[in-house]
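Enquirer: One-letter residues, chain by chain:
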Amino acid sequence: MAVAISTLDKIKDIVQNRHEYAKEWKARTGRKVLGVFCTYVPEEIAYAAGMLPVRLLGSHEPQDVTEPYLFGMFCPFSRDVLAQGLKGRYDYLNGIAASHTCMHINQSFESWSLHLPVERSLFVSMPSHVQSPRARPFLTAQLELFKTQLEEWTGKTITDEDLDRAIDVYNTNRRLMWDVYNLRKSANPPITGLETMYVALAEQMMDKEEHNQLLRELLEELKTRKLDRNPGARLMIVGSEDDDTEFLKMVENVGATIVVDDHCTGTRYFWNEVECIGDNRLESLANRYLDRSPCPNRDWPARRRFPLIGQMVKDFGVQGVIIIQQKFCDPHEADIPALTAFLKKGGIPTLFLEFDVTVPVGQFRIRVEAFLETIGQEDLF
Amino acid sequence: MSKEKKLYNSKPFDSWKLAKELRANHYREIAESRTDAGKKLLIGGGTESMIGLPAGLGDYVFFGGEPYAASFSAGDPQGAIECMEATESFGLARDLCSYFRNYVGSLLLDRYYFGGPFPKADFYLQTHFCDTHAKWYQLVSEKVGVPYHSTDLLPYRWDETEDGKKQKVEYLTGQLLDAIDWMVKTTGRVYEDELLIQAVKNEFRCTSLWAQCAVLNQNVPAAMDEKSMYSFYILAVLIRHRPEAVRFYEILLDEMKDRVANHIAAVPTERFRLLHDSQPPWYALHIFRYLEKFGVACVGANYEYGLSGGWDYKEGEYLRPAVPPQDRGVPLKTREDACRALAQWWLDYHLLARGIRFSGPGKNNLIVQTIKDWNCDGLMIHLNRGCEGLATGQMEVRLALTEAGIPVMTYEGNVGDPREFDEPRTLARIDAFMESVGLDIIED
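Line by line, the protein sequences give chains A and B.
If you're matching positions, the first sequence starts at 1 in the working numbering and goes up one per residue.
If you're matching positions, the second sequence starts at 382 in the working numbering and goes up one per residue.
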């Protein structure tokens, strides 16, 4: 059983009381809070405008408030996000921002814009053909439009210095997150997958400078932390959005540790830095968002996601992969056969689980336990 | 609309037979392209795509996945189910796009709906028209083991700025030029720009002509009904880049004008007009005939009217057929001219593509305008689990219409998967809707 560490407790508290954090930040700073629908929104620019970007997430509670607005066949996460807005839980937001990522979350954004009062609804047309050289000048121009919209809204010019500072804060945050993740490469990681999930979620809800401070404190504490648990099988989770802490808790209670991930609210959020080339900050930002760990909706015609997953498997000593498939998500679903074949070729077994707003933890536990037994078969014989 | 019982003159379309022949020829050509006798370049991809772009390579045929899957579901529902099951065994989720599943299932079973083995393309060329499209042919090309390229169709938002529009035109134009370079490199063929220019001119003309046919259906009584339209719109989908499609729509337009001038109705008892939303359940098109028992004419849908583009729209002002660039003096002399004109045409006039990505007031207002312009009394929404794109924003459309006092009904189903359609329930919903608008079945 893990010994409670104060920084992790703080982080978990922020995640579980995310709205109170944002409201307190807003009251303290007098600045705006921007709800963000996807990790492809270039938050650095909003941060440079003095805002707090917060990732909109669901609450994992069954709901029926979205039915009049969003057909039930759209992904549970997008409906859960819209439900939070309709229930008034994000009533402190000054504005919302989305990027062209998928039809599901776009609809949540459109319905939110239509029915809920916000000062601004901003949209960045993020290209899907990220592998095309044409995407770079296009996205750079789009980011210029986004910057202009933020300036018009705030009445404040976003200077190069503002952008430099924001990029620096975000890059620092990414490096500190890598430092936390790198600790999970060890044979007995000092931090569990569940705890890391809280750290990653807090990252997406907090002022990055404040999160950086917590990360520094956490890294200091982790230097000497020893977990009183058998790490068990080393697993990776791969999928779309996942903030289901109950699921991770269950997996890590039955003889496994989640040591790394490839999903929307995990490494895909922070895995790539902004590399500033020349004086064009927006071009550098565009490059980062085009070259980052891709959502399957952007992973074509060549597959760049699989080699990245393969590298993570190798670097983190992964023994098995749980594919956490959000129901109704076509781009991720379309990748499943090829992904499982890719992992199988590399000798990595997979377990496919379909996720909804709530998951059948009991039934999943049985399947996870069986999966762990198959991973441990070689040890038996 | 008056609920009085009426009886208009009616007769089948003369053009219907030609439409069927052209479609059958196309699918035969696809199959024959794989034989020694009929061998030609076979290119696979989505028809909501740059089907005319390969024209410069010379003789080829484009095998579009979506209409193929629709044909399969319509003509052989049990076979379509077998395709779905094959896809599920392969590891693809049941809630994926049903066109995708039907097509991939055909490939896995090596069964071509039109007879013989499943035609495997020489390469795949796709446009990421929705979240599934580029992933569909990525999987197929890997399975078949041939090259693959895709472009990104990023439509204007309903409130797109002029700067945003220019950026999107540049992005798409550049990708089209790159796609041509890729095809030349992949095939080793010489590319003749003049052939491309002719193909895009055909595309502009074809889609504009079909839009003109659709506008004539604003007439009361409607000259075309939904079920007939499915035989007509499909040629713009399949072969809009070819001269025989242009000729067909010229013939159809003449016939439509004649029918309108002579008050020839598709539904002789028309007394109530519905607009449909989304694709139909292809295996259950008889629901439109059921509507006719009440004197209801389904006079069109954003789907078949808009699937190949060709609509010039300004919110609150007009919705009209777009004028082809060649008729507006737009230069079409070079490869770049053709690609730019094609990109501009799609982005400016492909409203369906816009509605697939972006919902909200923009889409709601388009549907309301269509209902008004086509003199419709209500909307029938297919809550279509088989196509996320067409289902985008449907509930908001329903809400907007309800608030505007326009009758609207919904029914759940799946464009391509017969297992997800409950016919008795759908007919019961139609009955209830008819009762709500004061219509009963017309006795013979």
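Just so you know, the hints here were simulated from the structure itself, not pulled from any lab data.
Be aware that a few hints might be false.
[Unchecked claim] Below, simulated SDA-like cross-link-like pairs (lysine to any residue); rule was C-alpha separation at most 25 Å, straight line:
no., chain 1, residue 1, chain 2, residue 2
1, B, K714, B, E551
2, A, K87, B, K501
3, A, K327, B, K546
4, B, K546, A, N280
5, A, K12, A, D91
[Unchecked claim] Per the computed footprint, the stretches of chain A lying under chain B, defined by three or more beta-carbons under 8 Å from a beta-carbon of chain B, are:
no., segment
6, 13 to 20
7, 56 to 69
8, 77 to 90
9, 105 to 113
10, 290 to 300
11, 322 to 328
Quick reminder that beta carbons are idealized off the backbone N, C-alpha and C, glycines included.
Enquirer: Against the structure shown, which of the earlier numbered hints fail to hold, in ascending order?
Expert: 2, 3, 6, 8
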